[in-house]
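Colleague: Residues per chain, in single letters:
Protein chains: 2
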Amino acid sequence: MALIKLTPFCLLVHLCCFGLFVTNVLGAKARHFKWEVDYKYDAPDCLENVVMTINGQFPGPTIKARAGDTVVVHLTNKLHTEGLVIHWHGIRQLGTPWADGTASISQCPINPGETFVYRFKVDKAGTYFYHGHYGMQRSAGLYGLLIVDVEEGKKEPFQYDGEFNLLLSDWWHTSTHEQEVGLSSNPMRWIGEPQSLLINGRGQYNCSLAGAQNSNGSGQPVCTFRGNEGCAPNILHVMPNKTYRLRVASTTALASLNLAIGNHKMLMVEADGNYIEPFWVNDFDIYSGETYSVLFRTDQRPTDNYWIAVGVRGRQPRTPQGLAILHYQSTTASKLPTLSPPDTPLWNDYARSKSFSNKVLARSGSPNPPRTTHRRIFLLNTQNRINGYTKWAINNVSLTLPPTPYLGSIKHRFTTAFDQKSPPDMFQNTYDIMSPPSNPNSTYGNGVYMLKFNTTIDVILQNANALNANVSEIHPWHLHGHDFWVLGYGEGKFSKKDEAKLNLKNPPLRNTAVIFPYGWTALRFVADNPGVWAFHCHIEPHLHMGMGVVFAEGVHLVENIPNEALSCGLTGKMLMSNKNHN
Amino acid sequence: MALIKLTPFCLLVHLCCFGLFVTNVLGAKARHFKWEVDYKYDAPDCLENVVMTINGQFPGPTIKARAGDTVVVHLTNKLHTEGLVIHWHGIRQLGTPWADGTASISQCPINPGETFVYRFKVDKAGTYFYHGHYGMQRSAGLYGLLIVDVEEGKKEPFQYDGEFNLLLSDWWHTSTHEQEVGLSSNPMRWIGEPQSLLINGRGQYNCSLAGAQNSNGSGQPVCTFRGNEGCAPNILHVMPNKTYRLRVASTTALASLNLAIGNHKMLMVEADGNYIEPFWVNDFDIYSGETYSVLFRTDQRPTDNYWIAVGVRGRQPRTPQGLAILHYQSTTASKLPTLSPPDTPLWNDYARSKSFSNKVLARSGSPNPPRTTHRRIFLLNTQNRINGYTKWAINNVSLTLPPTPYLGSIKHRFTTAFDQKSPPDMFQNTYDIMSPPSNPNSTYGNGVYMLKFNTTIDVILQNANALNANVSEIHPWHLHGHDFWVLGYGEGKFSKKDEAKLNLKNPPLRNTAVIFPYGWTALRFVADNPGVWAFHCHIEPHLHMGMGVVFAEGVHLVENIPNEALSCGLTGKMLMSNKNHN
Chain C
1 MALIKLTPFC
11 LLVHLCCFGL
21 FVTNVLGAKA
31 RHFKWEVDYK
41 YDAPDCLENV
51 VMTINGQFPG
61 PTIKARAGDT
71 VVVHLTNKLH
81 TEGLVIHWHG
91 IRQLGTPWAD
101 GTASISQCPI
111 NPGETFVYRF
121 KVDKAGTYFY
131 HGHYGMQRSA
141 GLYGLLIVDV
151 EEGKKEPFQY
161 DGEFNLLLSD
171 WWHTSTHEQE
181 VGLSSNPMRW
191 IGEPQSLLIN
201 GRGQYNCSLA
211 GAQNSNGSGQ
221 PVCTFRGNEG
231 CAPNILHVMP
241 NKTYRLRVAS
251 TTALASLNLA
261 IGNHKMLMVE
271 ADGNYIEPFW
281 VNDFDIYSGE
291 TYSVLFRTDQ
301 RPTDNYWIAV
311 GVRGRQPRTP
321 QGLAILHYQS
331 TTASKLPTLS
341 PPDTPLWNDY
351 ARSKSFSNKV
361 LARSGSPNPP
371 RTTHRRIFLL
381 NTQNRINGYT
391 KWAINNVSLT
401 LPPTPYLGSI
411 KHRFTTAFDQ
421 KSPPDMFQNT
431 YDIMSPPSNP
441 NSTYGNGVYM
451 LKFNTTIDVI
461 LQNANALNAN
471 VSEIHPWHLH
481 GHDFWVLGYG
491 EGKFSKKDEA
501 KLNLKNPPLR
511 NTAVIFPYGW
521 TALRFVADNP
531 GVWAFHCHIE
541 PHLHMGMGVV
551 FAEGVHLVEN
561 IPNEALSCGL
571 TGKMLMSNKN
581 HN
Chain Y
1 MALIKLTPFC
11 LLVHLCCFGL
21 FVTNVLGAKA
31 RHFKWEVDYK
41 YDAPDCLENV
51 VMTINGQFPG
61 PTIKARAGDT
71 VVVHLTNKLH
81 TEGLVIHWHG
91 IRQLGTPWAD
101 GTASISQCPI
111 NPGETFVYRF
121 KVDKAGTYFY
131 HGHYGMQRSA
141 GLYGLLIVDV
151 EEGKKEPFQY
161 DGEFNLLLSD
171 WWHTSTHEQE
181 VGLSSNPMRW
191 IGEPQSLLIN
201 GRGQYNCSLA
211 GAQNSNGSGQ
221 PVCTFRGNEG
231 CAPNILHVMP
241 NKTYRLRVAS
251 TTALASLNLA
261 IGNHKMLMVE
271 ADGNYIEPFW
281 VNDFDIYSGE
291 TYSVLFRTDQ
301 RPTDNYWIAV
311 GVRGRQPRTP
321 QGLAILHYQS
331 TTASKLPTLS
341 PPDTPLWNDY
351 ARSKSFSNKV
361 LARSGSPNPP
371 RTTHRRIFLL
381 NTQNRINGYT
391 KWAINNVSLT
401 LPPTPYLGSI
411 KHRFTTAFDQ
421 KSPPDMFQNT
431 YDIMSPPSNP
441 NSTYGNGVYM
451 LKFNTTIDVI
461 LQNANALNAN
471 VSEIHPWHLH
481 GHDFWVLGYG
491 EGKFSKKDEA
501 KLNLKNPPLR
511 NTAVIFPYGW
521 TALRFVADNP
531 GVWAFHCHIE
541 PHLHMGMGVV
551 FAEGVHLVEN
561 IPNEALSCGL
571 TGKMLMSNKN
581 HN
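In order, the protein sequence lines correspond to chains C and Y.
In terms of full-length UniProt numbering, the first sequence has 40 at position 40, counting the first letter as 1, and numbering is strictly consecutive.
In terms of full-length UniProt numbering, the second sequence has 265 at position 265, counting the first letter as 1, and numbering is strictly consecutive.
The hints are simulated quantities; they were obtained by calculation from the structure and are not laboratory data.
Warning: the hint list may mix true and false statements.
It does not matter which identical chain is meant; a pair holds if it fits inside one copy or across any two.
Claimed, not checked - Think about it this way: if two alpha-carbon atoms lie no more than 30 Å apart in a straight line, the pair counts; the simulated DSSO-like pairs of lysine-lysine are: (1) Lys421 with Lys78; (2) Lys34 with Lys421; (3) Lys359 with Lys78; (4) Lys155 with Lys497; (5) Lys501 with Lys40.
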């Protein structure tokens, strides 16, 4: 898809209508956006609800840029009482750690009525997205796509005739405000399974597009549309015998998903903004925080249309499939596909999931990981109780974020801003990951893993049994400020003998990796990006319940943090303390 | 009621359990409170809902102090994403305008995780309350009582044997977050009438305490309680043949109320923290923002109990009465009153309401108003449309609060922080207040009425017809930082001839006064309190829709504004701009 070329007139129109304008600086462009965030009533799945919007749109506008461009987003908070930040998921923020958009970590929340300017370079082509990273504002609908094309004149290592974007999410009819209160209650009230799955913000509740065709639609009536509903399905208009790129991103609050296109095989080519060794699939899993590009050829009967189906994996699905339509332009878009939607694989067929994850490998020519590590951090994922409250903890510490952003408090050495004691690099080697914790008590904490600059860090994410017997959940872990190499997935507790099995030959670079039930996942990255970076389970309620850690590296090298990023907490006090202005 | 005397041990207990401790400084005391605000699930009217709480309590703890004491509240925001302030309703904040607790006016909202210290003198005995003053957090349940007794050794001008407090509020089952979105939508979605009326945070939904007895209970079943429900009614335990003081405050979001005690006459003695000329009533109206003290004698048959009933006035009531029980200790508390609850007067019997309001006059010996005024400001109250959005406007300006608190932006002369043009002192004298506005368009604005320090200001609040024909609503206007004299209430449009009828002899001092449908209300106050002060309709959704103005006086005399109050917006930028700290 060609980069949008803006004429000066068009530029003005865009500035006014879409809050977008572009300035040209030595080839690379600065792409400016003016965004206002507010709640409005909308009906993403045909049922009316309060939704978080950007410039009135849900999902937010898709940002398109080229590698090397600078994205500049003037973000104005039009909420009544809530703060706001936006995280640019997958963008490493090289040199701009204050623009990472994580409240309490990289910046203070933007107050109502105020504007914060995010300015960062998109250095690497790929499929990214953005989303709220404060409270549970992502779940409330604050998300959108960020597509970075290759530099002008450069080529992707594969060819295609057109492209489509699918942003996947899950949707509840209970407000995230109420969800937050429930999660923080004693006893905890779980948010339950989503009411709907959304594709590009569109789902259908209490009806099924495919009706009786759909084995996962649980006998729901067929949806009827007048034609202009915001919850009408996405239709991908394709020409026969062409190759298309489908960019898919999952920003679900909870659901692990699987995507398939009826009768069409797909070639996996990109994961989290990194090229992978191509391989063919009939369907693929995608966890919250992940992105993929696939190629597919429109080589099926051109007088038919085909379902694109998204279903829940990893948790007993109580949510109907999300559907979109692949429309061959040789027929009419309103013609329902003859074939029923592809079935989603069994939710608990983890062997199948693991087999897929293990096939994702770096495309030859990708950067290789360092051969050895300087530090290996084991992170045990457990469900716990603190004073009766249900929490998730890492090495027995449940993360509670402080009011002063770490980036400022580490830079300015505020030793009272957070626990100065590092959280542990290990857990007790007698811990039985196969059983509920024998002592489920845990503690709150906000300590930081201080990483020596430019060292190689291994993380072994270790899954375990949750509070109830025979329960171990999937957790997709996302790292800010970095890609990591996924060195391998394994069963049970990581042990010395697993070390030899780690893949140092062609491990994929990613920013999100899953741990499977009762398993471990080994990651490696180089702590070469000065800043403070969240590393956390991308399931929104799990993070809310403490499932994350904080890494810091080379913060002394960070210069020119804008005051606006640090105007709260102890850094705010410090910045204001030079003299009494009254 | 005797002041709580705290022994050192008890003091420690209080500090831990109730967040209260007291320090003695030269007779007057500093009363310290440590408060944390959070949402929790509760069931104020027996139906579960999310409620805003202080230290887990709803309503918030009652503050008790003596005139001359200093109240110190360490307020910590434990909300996830929302800012927070608390306004001390009726306290004039002499010398501490930054402690008035109005977001955008006296301070920046307190960010999540942060603590702000409110420190102010309660200079005058009386019945007060406190509440959230940001977004619609008052409606969410953020309120409590503030009772100021006379100085030690001094006496009230009336005698009584005991006292009780009743904090009145109204309650919805829709969250205030959703209400806010609805009010800000086009078309506007009105919040509707409350589901319940609460007395000290307790109401009963879908059942009636009085059952068939209660003519206003609409045939609801009788409530049954096991005994420890948080929504069980308040019981006031009294001894026969005694005199009790009942302190009543209304913090309703919407409802105008009337209160009566079955078979007991009441003597009105205090209004809004000011003594009034005593007069007897069978029932009395109380508007949102008002407080009253009444005395009553327990001179009825001591083998019976009696209902205290609160019902809606001024709007067609769709909400059952709120009930509490007056329990003569000569009988059992569980004995239901023999008499049915007193009926609430007809909602639209405005003649009765006006008659009551006109009886509220200053107790002899109260301060008299200046004989003449320096400036008379007419404030026309109209319902309007701006770009299709329904708003309330004053002299055609619908108030939208800026991100920088006025107290800071006026003090530091930030001319870009708000409209520098004063809003008008008058409206067009041809305006027909009896009909819907011929041109309903209005504009947003955030200009300030700059009042010359120490001058006398008259305000004529002028009511008018709303957008629909034959609709003119009640609006209780509340002034911050001052009491005003209520010089009179009148019908139709205020005119020259009304001037002679103004009461300069014994007008009551109050901080809240109502305008009746199609009528006017004349107020006088002296602009002698350096600061910036909100003056607004105390109906929460009306204020949210722009129904307020801002007064400023003597801001150049305000010294020592704490940096914490100004750490946002342009004042935050200024305070941080001295040098680059990175």
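Colleague: For Lys501 and Lys40, with the copy left unspecified, which applies at a CA distance of at most 30 Å: within, between, both, or neither?
Modeller: neither (51 Å within a copy, 49 Å between copies)
Colleague: Between Lys359 and Lys78, at a C-alpha cutoff of 30 Å, which is it: within one copy, between copies, both, or neither?
Modeller: neither (44 Å within a copy, 45 Å between copies)
Colleague: As a check of your reading, is Lys421 near Lys78 (CA-CA no more than 30 Å) within one copy, between copies, both or neither?
Modeller: For Lys421 and Lys78, only the inter-copy Cα distance (24 Å) is at most 30 Å; the intra-copy one is 38 Å.
Colleague: Regarding Lys34 and Lys421, is the shortest C-alpha distance of 30 Å or less found within a copy, between copies, in both, or in neither?
Modeller: between (41 Å within a copy, 28 Å between copies)
Colleague: Check Lys155 against Lys497 for me: Cα-Cα at most 30 Å, and say if that holds within a copy, between copies, both or neither.
Modeller: neither (42 Å within a copy, 84 Å between copies)
The earlier numbered hints that this structure contradicts are 3, 4 and 5.
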